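Taking the hints into account, I'd like the entire structure generated from these sequences.
Number of protein chains: 2
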Amino acid sequence: MEILSHISLDSALELPIYKQLAGSIRAAIEVGAIGLGERLPATRELAGQLGLNRTTVSAAYSVLEEAGLLEGQVGRGSFVAYNGASTIARSFDWEKVLPPPESINAASGEAKINFANSRPSEDCFPMEEFRRLSREVIQSREAVDILQLGSPYGYGPLRRYLLNENLAMGLARAEDDLIITNGCQQALDLLARLLVGGSDAEVLLEEPVYHGLLRVFASARARLIPVPVGDSGVNVSALEAIASQQQKTRLLVITPDFQNPTGTSLNLEQRKSIVAIAQRAGWMVIESTIYRDLRYRGQALPTLKQLDESGNVISIGSYSKVAFPGLRVGWVIASRPVVARLAEAKQTSDLHSDQLSQAVLLRFAESGELARHLERTKHMGTERLRAVLESCERFLPAGCRFTRPEGGMNLWVELPPPLLAEELLKAAEEQEVSFLPGGYFSHRRSDPRHLRISFGGLSPETIRLGMGILGTIARDQIAAHQERAPLESFAALV
Amino acid sequence: MEILSHISLDSALELPIYKQLAGSIRAAIEVGAIGLGERLPATRELAGQLGLNRTTVSAAYSVLEEAGLLEGQVGRGSFVAYNGASTIARSFDWEKVLPPPESINAASGEAKINFANSRPSEDCFPMEEFRRLSREVIQSREAVDILQLGSPYGYGPLRRYLLNENLAMGLARAEDDLIITNGCQQALDLLARLLVGGSDAEVLLEEPVYHGLLRVFASARARLIPVPVGDSGVNVSALEAIASQQQKTRLLVITPDFQNPTGTSLNLEQRKSIVAIAQRAGWMVIESTIYRDLRYRGQALPTLKQLDESGNVISIGSYSKVAFPGLRVGWVIASRPVVARLAEAKQTSDLHSDQLSQAVLLRFAESGELARHLERTKHMGTERLRAVLESCERFLPAGCRFTRPEGGMNLWVELPPPLLAEELLKAAEEQEVSFLPGGYFSHRRSDPRHLRISFGGLSPETIRLGMGILGTIARDQIAAHQERAPLESFAALV
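Listed in order, the protein sequences are those of chains G and D.
Under this note's numbering, think of the first position of the first sequence as 1136, with each following residue one higher.
Under this note's numbering, think of the first position of the second sequence as 1136, with each following residue one higher.
Hints may contain errors.
You can't tell identical chains apart in this list, so a pair holds if it fits in one copy or across any two.
Said to hold, decoys possible - Below are the DSS-like pairs computed for lysine-lysine, each with C-alpha atoms no more than 27 Å apart in a straight line:
1) Lys-1383 - Lys-1407
2) Lys-1383 - Lys-1231
3) Lys-1154 - Lys-1383
4) Lys-1561 - Lys-1247
5) Lys-1231 - Lys-1407
6) Lys-1513 - Lys-1247
7) Lys-1154 - Lys-1407
Calculated directly from the structure, the hints in this document are not laboratory data.
Owing to the predicted nature of the structure, the values given are computational and were not obtained by experimental measurement.
Put into structure tokens, the structure is as follows:
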């Protein structure tokens, strides 16, 4: 009887032998090794063949009879009554087990004038330098090391370079270490897992805030506390008040320079206050410095890490905004124990970051090409910022308010009632202009009158053209509302 | 008085104005804008300047007096009594908030004969082809797209290529989609987050199993259930038994071909049974196919996904074992809703995978160089496998058992008592030979008599040399135990 080859029993298992036997026979039936209606060996016979007690085999047959797979016929033996075929054909219902989709209403990015993406324009990529330096990396002797399995801390030469640079600039302390991540998004993700994951830690996030930051901490199941950001950055009084009501371990996440989406920066007083509050309250602080080098006006200010003496500030940086977003290289600078734990989390997450891009970006930085590219980017950014501010003044209707960033890629517009960002976007998209409405950046997903204008990737001409279109639409919508208003009042009185 | 410039009040905040005011003053004190011993404005005066009711200012001062920052002197006003300076200097205690370190006892990899790493040898990397094809990618017009922000699903051209290839080979179904990840480690991580994260799902993992797999699901806080793997792969009876005791949603993770660490593969019957059990029990299944193409002997067998008709099987693959581990490119093939949710998780995790490596590997695959390299790798693997099996037979002492893989990079050795893998390792490292002891792959971290021999990255000569050394040490240790035995008995009798 073929059934014997299907039976595997292991006395070392905690599971009773009769259950193991029943499982083996069930499997044999399901794969068709014993057909529907076929007779199984007599219990005495099978027991003999397997060297088991007959009662063990009987017990196994009973289990299968109860499950409806076997049918015992008195005096004749046990027959296969059911092979499970009907259940096998059914399709697995993934929607039942998967979490609901996030349904992110991201702008399609298909519009001709795209104010929706906070990223540099590919027209400005230094392709010639990229090609030359990449060829050097590929031809180098180190290419073999780059292709072999690497370290969770990052490609050694780049890690050393970044740490030395940041120490030299005072952006890392002697007690700090550095780990390389896939852009700053993974830096946030690893930090969220390390500092929040599983605990019920509270996380203080700016409101409005970069949506990727919201998503990371929401998916780490943190309790999120919004900290209002006004025209001049985070409201320190609100932060102070939150500190006075503290219950648990807390993490503050903040972007001191050219915050996404508002474009606002903190002044020196605010920075000092925030560091002092965090130290007093025992908070951990993550500061994002990814836009910091893109300052077009005014004076650079110290980072929170530079003002901090207690070691509770973690800095994250990235090459994405100043070089190539498609090469995913960011980093975390923090006290050594934090970086050591991040390396463990990194290894669990994806072993290590891709080394080819790390090597190319290192060559970019070491050769001075990155600094030269940054100068060009800042020169362009200055023109773009001027264009967007002038266009806001000139084209937006009265009652619109907007921030006045000194750098970065984004600006935050507040529409006067009765205008709504979503309605403006709908009409704008018909004219091939897009942006992200404020709700996208809000903890409560409800911010109907704000919108983000990302100007970093567009030429001054395109910015003027696009803002002109937005201004015209806004005026038209105000006019339409004014025409409709008396009619609506009339209707309400009926 | 300078204090005014430090006060920011916002009636839109939910926080009472007196608390906001107290916060502002506290911040001003902490940053030194008002010095220790200085007098604050009279409540009436400050109320007038701020346009507030005098009682509001008094309430704010009271808060600060209670906190010890101000001291009221009757008839003279309020003075700064404390500026928090002593608390600010203290160093943040990270060890108090961080989770304990994982203390992974990985082998150093410094040994001359390194059986510890399951990875290809860099000596075999096709560097000439890599350099030529990378130059092509870098010079191509697509290079600009590669450097711009990409899609969470992966670099479009590579994603299409992989999906088409897998459809053509029958390894993806028409209902499936594909997403690119940073190697298979991130594939596992994203799947763990999606399918386990936060729920109390039970996850069935092989025992012994790849430690990266254990870590991923442990850090997702899954309840882990070990499924024993014997000389011929997963014990199907045990799986059947687990299915019969099912309580909750369950996920089975399995490597049908050349499992890490045992090197064992499932036969066709086992594969069919596992698919049937999973379908009947309503389990989700993740199968890793990363070693599948490295078959040196015997016939390729269908993947679980190929045998499955219900869509509950998710396949993960990678270029790491067949090309360059340092380029982090893997993928997931699964039903469309699963891939759509994975793309959301990927975006939260790190936006998207690095595109330069994806483009280089695509060129490798499309040009046929990957297939040619795979043939060479398999040819070398055949020799290495033969060398390691012959060496085990020849050098290991009687009583040692070992698996007989038909491919992959790993082999599993069981030492006879009284030998212990950790003791063997200690002596081996003194002679520049390393491997990973079994505990590293065990759910309970206790598997004292097994060890993994990774032979994929070593030449046949090195394998013979290394196994010869291990064999000699093992014999010596057995002999030492036998010599010691009577002495120990004697000592015990004293």
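Against which earlier hints does the structure fall short, listed by number upward?
Hint check: nothing fails, all pass.
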